[in-house]
Amino acid sequence: MLLRETLVGPRWLTVAGASTLVFLAVITAISAPVVVRNVEEIGGWVIALLVATFILILGAGLIGLDKRIRVSVSATHIDAHLSLFRVMHIPVSDVEHVEIADVSPSQAGGLGWRVVGSDRFVLWSSGPAIWLTLTDGRSRVIRTDRPEELKRVIQSVAHTSPA
Numbered sequence: 067m068l069l070r071e072t073l074v075g076p077r078w079l080t081v082a083g084a085s086t087l088v089f090l091a092v093i094t095a096i097s098a099p100v101v102v103r104n105v106e107e108i109g110g111w112v113i114a115l116l117v118a119t120f121i122l123i124l125g126a127g128l129i130g131l132d133k134r135i136r137v138s139v140s141a142t143h144i145d146a147h148l149s150l151f152r153v154m155h156i157p158v159s160d161v162e163h164v165e166i167a168d169v170s171p172s173q174a175g176g177l178g179w180r181v182v183g184s185d186r187f188v189l190w191s192s193g194p195a196i197w198l199t200l201t202d203g204r205s206r207v208i209r210t211d212r213p214e215e216l217k218r219v220i221q222s223v224a225h226t227s228p229a
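The working numbering runs 66 ahead of the 1-based position in the sequence shown.
Mixed in with the good hints there might be a few duds.
Stated by the list, open to error - For lysine to any residue, the following SDA-like pairs were computed, each having C-alpha atoms within a straight-line distance of at most 20 Å: (1) 217 <-> 145; (2) 217 <-> 140; (3) 217 <-> 197.
Think of the hints as simulated: they come from the structure by calculation, not from any bench.
My request is simple: use the sequences and hints to build the entire structure.
Spelled out as structure tokens, the structure:
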């Protein structure tokens, strides 16, 4: 690994994650007995929907508790992980241009991993970011506390990697 960086999200996100998990526990404690008693009346699709919803809310709560973005640059790829999930995997050969820019959650449409048109953002807060323009015209924006270093490493790897 040529560069690794971990960004920690705001403290309020921990509170939001914990609150989400408490809410999930209360709702599950209330609804599980009702579902178990009436499983035949409810039907398989509704139960599948309830299980999928449980998993999504659990994941959101855990991401809020962990609140970490991990960025790494290797000789071949740039990766960004939001908690346990890899949300960006960019071959360095696809990077056409690297620039430093200030980014805000309002530009990205919110916090975390965001999709805005053909652009992808990963951020917990406003601040400096690396704006990658890919060879196909799409953009990837990664919030960083070390923009100069990240830009330098990406450019050095992109210039030495085979196309």
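Okay, the hints, checked on the actual structure:
1. 217 <-> 145: At roughly 14 Å apart (the allowed maximum being 20 Å), residue 145 and residue 217 satisfy the hint.
2. 217 <-> 140: Within the cut-off at roughly 13 Å; holds.
3. 217 <-> 197: Since the Cα atoms of residue 217 and residue 197 sit roughly 9 Å apart, the hinted pair holds (cutoff 20 Å).
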